[in-house]
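Residues in the sequence shown are numbered from 1 upward in steps of one, following my numbering.
Hints were generated in silico from the structure; no laboratory data involved.
All C-beta atoms in this analysis are idealised placements derived from N, C-alpha and C, irrespective of residue type, glycine included.
Worth double-checking, as some hints may not be accurate.
Simulated restraints, written as ranges between beta carbons of each label pair [stated by the list, open to error]: (1) Leu-19 with His-276: 36 to 42 Å; (2) Asn-462 with Ala-32: 28 to 34 Å; (3) Arg-512 with Gly-146: 29 to 35 Å; (4) Leu-44 with Gly-481: 36 to 42 Å; (5) Tyr-98 with His-276: 56 to 62 Å; (6) Trp-149 with Ala-314: 35 to 41 Å; (7) Pro-29 with Ala-336: 47 to 53 Å; (8) Arg-611 with Ala-314: 41 to 47 Å; (9) Trp-149 with Gly-203: 55 to 61 Å; (10) Leu-461 with His-276: 48 to 54 Å; (11) Leu-172 with Ala-314: 36 to 42 Å; (12) His-276 with Ala-206: 51 to 57 Å; (13) Pro-234 with Val-418: 19 to 25 Å.
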Amino acid sequence: MSREFPISLTPPDWLVRNLQPQQAPLNRPAIARAAVAMSLPLALGLATGHTAYGALASMGALSGVIGDTADAYRMRILNIAIPQLFGAIGVTLGAAVYGHGWLAVTALTLIALASGMISTIGAVASVSGLLLLLNSVIGAGLPLPGAWWLAPLLMSGGGLLVLLLALLAWPLRSGVPERTAVANTYRTVADLLATCGDDPTAGYDAARRAVTQSLNQSYDLVLARRARHHGRNPELTRLLAQLNAITPVVEAAPAVHQSGRPLPPGIRDAVRNLAHAVETGYTGPIGLDLSAPTSETTRAIDHALRHAAEVVTAPDIDPRGIDDRLGRPAALRIRAARAARNVLLSSGSWRYGLRLALCIGLAQVLVSTVPVPRSYWIALTITFVLKPDFGSVFSRALLRALGTVAGLVIAAAVLSAVPRGWWDVLVLLLLAPLIPALTPRGYGYQTMAITPVILLLSDILNHQGTALLLPRLVDSLIGCGIALIAGYLLWPESWHTRVGDRLAEAVADTARYVESAFGTPGSSGAGTEVDAASRARMRRRLYRDLSVIRTEFQRALTEPPPTGRLAAGWLPLVVAVERIVDATTAARVRVKHGAPPPSSAEVTQVALQLRELSEGVRESEVLVEVRTALTGPAGSVLEPLRQEVAAARAIASPH
1 MSREFPISLT
11 PPDWLVRNLQ
21 PQQAPLNRPA
31 IARAAVAMSL
41 PLALGLATGH
51 TAYGALASMG
61 ALSGVIGDTA
71 DAYRMRILNI
81 AIPQLFGAIG
91 VTLGAAVYGH
101 GWLAVTALTL
111 IALASGMIST
121 IGAVASVSGL
131 LLLLNSVIGA
141 GLPLPGAWWL
151 APLLMSGGGL
161 LVLLLALLAW
171 PLRSGVPERT
181 AVANTYRTVA
191 DLLATCGDDP
201 TAGYDAARRA
211 VTQSLNQSYD
221 LVLARRARHH
231 GRNPELTRLL
241 AQLNAITPVV
251 EAAPAVHQSG
261 RPLPPGIRDA
271 VRNLAHAVET
281 GYTGPIGLDL
291 SAPTSETTRA
301 IDHALRHAAE
311 VVTAPDIDPR
321 GIDDRLGRPA
331 ALRIRAARAA
341 RNVLLSSGSW
351 RYGLRLALCI
361 GLAQVLVSTV
371 PVPRSYWIAL
381 TITFVLKPDF
391 GSVFSRALLR
401 ALGTVAGLVI
411 AAAVLSAVPR
421 GWWDVLVLLL
431 LAPLIPALTP
441 RGYGYQTMAI
451 TPVILLLSDI
461 LNHQGTALLL
471 PRLVDSLIGC
481 GIALIAGYLL
491 WPESWHTRVG
501 DRLAEAVADT
511 ARYVESAFGT
521 PGSSGAGTEV
531 DAASRARMRR
541 RLYRDLSVIR
551 TEFQRALTEP
561 PPTGRLAAGW
571 LPLVVAVERI
581 VDATTAARVR
591 VKHGAPPPSS
601 AEVTQVALQL
611 RELSEGVRES
621 EVLVEVRTAL
631 TGPAGSVLEP
641 LRQEVAAARA
651 IASPH
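Sequences and hints are given; from them, build the entire structure.
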């Protein structure tokens, strides 16, 4: 007689989400750069009889490969060169305390504190903080060959080799990545218009999120070109104008979707033609095959498309009429001072720095009191696991352990079957491309690709062969354990969802957006334009904030219960808030193109309901009951908005 097992053998959802590879296109140029940049230094070292020097330079190239993620050439300089400077400082400080016992423990703990605080500034600072600590740990844990200045020089040179390879095509392709990004934004808008009016709305919601992400990326790429230059140039002016010109089309899409009537294919084709013109720099005439508009929504689309066509094909753009839609960034000196002040005064940066310092300090105390061969690997593991923008600490620890095991299997085959010498160059030529190829798939896959490369380079320096494997596995598991206990479980903020305050702030911003959309604008002329630009910036920032919140929720879903389950309960409210913003934009577009405006009482009522919803969910661990009482004229442009607000408040109530 068969028995049923009381426990299902099906893996839990949070584990499946962690192990599921993410979909991403292959970056073939980055793959080729990784192969050349990591194998060439080792080959030169072998050819000149300085194999250890070549291995150090290849190790530095590894950090450059990890940071080689940007499309725009100026962003590549920031993403690779600046972290190399911090890496050079790190290996110098680490080597200075090598073999000094408790002095090394103190030094690495303080460096970890500084690294953690720096990492909270932004993406480039995060990589810089990572390399500062990683290279400090390597310098303090490995006997480096040559004078004190040689290791920093070799490792930085390896990273800068990646940058040199990444910039080879700059003279021929200057501005091409930015134009491609803006053109892709136009294409995502065309895809969005293709879903408008369809039922159900899942396809429209996914397309709208794709547009938000594409706009974010395009604005970031274009504005990053102003890292050192606060003025204007013709190319930058054109790109910003083209991004701003597609914004009215994006704003009209919710109104079209609300109408329930799909757009003619000619409109979508027109947007794709504009995308081709943006990408190629075409400024000749573009024939728009548009039918006569018959409603507020079709008038809005028609007007927005004709304006976009004028901007895309205009031979010259007046920079005085261009606004960034995200606010004009300050000069680099001002932003650097502001970032330093925020880091020193931010409780969040101090908390993260202290978490990282505590974990590194514990690791160094452990290896100072218990004999652990090549103990630097424990601190390296902690540094990667606690990196702030890699996702959930719990997930990273799990994936780090699994990825290390998989990487050790590959390393075992390499170290046992491949003789040292020129064969190592061939192995690096094959293994290095896996790093940029697998990194977009997820953290575990990145760890699997990096582990055999680091072990191979370490073996060239230490000549331990397969004896490295078991200690590396033990060190990785110890590092993951320290990170989970001292960097995760001891900090309730990391394993409680506590996302209510962030979502509540977004809801409050939505209330302000509703008031701005239907407030009293300037009488005419410049005042009205300023108000329109202000509303556009508010909407863009609101969608960007909601996109960040959604990403945080997606990361929380990879946590084990109860965190993942609570995050899953909050996610529908994020979707509801996005639809509220859509409904507000749709109503504004309809009013602008002929619909009767709502009364001030209607606007005040909706804004009040949103603020009450914001207060109801602020700092809440679970969904709480929020009553709603929304009434108004059935034919008002705010009726769809009232329905979305009522739906959001129903979601926020327990079932």
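Checked hints:
1. Leu-19 with His-276: 36 to 42 Å: Distance hint for Leu-19, His-276 holds at roughly 40 Å.
2. Asn-462 with Ala-32: 28 to 34 Å: 30 Å Cβ-Cβ, so the 28 to 34 Å window holds.
3. Arg-512 with Gly-146: 29 to 35 Å: violated, 60 Å
4. Leu-44 with Gly-481: 36 to 42 Å: Given a distance of about 40 Å, which is inside 36 to 42 Å, the answer is holds.
5. Tyr-98 with His-276: 56 to 62 Å: holds, 58 Å
6. Trp-149 with Ala-314: 35 to 41 Å: violated, 54 Å
7. Pro-29 with Ala-336: 47 to 53 Å: violated, 30 Å
8. Arg-611 with Ala-314: 41 to 47 Å: Since Arg-611 and Ala-314 have Cβ atoms about 42 Å apart, the given range 41 to 47 Å holds.
9. Trp-149 with Gly-203: 55 to 61 Å: Hint holds: Cβ distance 58 Å, inside 55 to 61 Å.
10. Leu-461 with His-276: 48 to 54 Å: holds, 52 Å
11. Leu-172 with Ala-314: 36 to 42 Å: Hint violated: Cβ distance 26 Å, outside 36 to 42 Å.
12. His-276 with Ala-206: 51 to 57 Å: violated, 24 Å
13. Pro-234 with Val-418: 19 to 25 Å: violated, 54 Å
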